[in-house]
Amino acid sequence: MNTSVRTIIVNVSRGTSDDGSFQKYHVDIEGTMSVMQVLNEIHEKIDPSLAFYASCRLGKCGSCKVKVNGKLCLSCTTPVEGDFTVEPDPSGRLIRDLLVVWDDQKGGEING
33 MNTSVRTIIV NVSRGTSDDG SFQKYHVDIE GTMSVMQVLN EIHEKIDPSL AFYASCRLGK
93 CGSCKVKVNG KLCLSCTTPV EGDFTVEPDP SGRLIRDLLV VWDDQKGGEI NG
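With this note's numbering as the guide, the letters of the sequence shown map in order to residues 33 to 144.
Just so you know, the hints here were simulated from the structure itself, not pulled from any lab data. Small disclaimer: the values here were computed from a predicted structure and weren't measured. Hints may contain errors.
[Stated by the list, open to error] Label-pair ranges, simulated between beta-carbon atoms:
#, residue 1, residue 2, range
1, Pro122, Ser36, 11 to 21 angstroms
2, Ala86, Ile40, 28 to 38 angstroms
3, Arg125, Arg38, 31 to 41 angstroms
4, Trp134, Arg38, 27 to 37 angstroms
[What the hints assert, rightly or not] List time: in silico BS3-like cross-link candidates among lysine-lysine, alpha-carbon distance up to 25 angstroms:
#, residue 1, residue 2
5, Lys92, Lys103
6, Lys92, Lys56
7, Lys56, Lys99
8, Lys99, Lys77
C-beta: ideal position from N, C-alpha, C; glycine also.
Put together the whole structure using the sequences plus the hints.
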């Protein structure tokens with residue numbers, strides 16, 4: 033297992049649909065981490081105002097669905113390989129940052 037610490041750049045969509053922009057974070061990661069674990073690192077150590085879902089953490093509930101580098105994925109099961117950009121799921125209604133609500137209650141489905 034790779035346990036070396038390295039710094040990655042994470043661009044996170046911030047704000048609401050009216051005032052959204054991207055914020056860049058420099059995050060130290062160690063070993064293999066998921067997108068959700070990196071978001072937790074940002075929230076706990078850099079910016080506690082970052083809003084995102086972290087429910088089951090097992091890839092079952094689907095509430096953590098986001099776009100990473102333009103591709104839909106579950107943040108809890110997607111490993112980080114280097115710098116990345118994360119955006120909210122476009123199929124939901126944006127609340128703030130990476131938080132969305134789905135009118136059809138099918139947030140966890142990833143089609144295509």
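(request) Find the hints from earlier in the document that the structure breaks and name them by number, from lowest to highest. (result) 1, 2, 6
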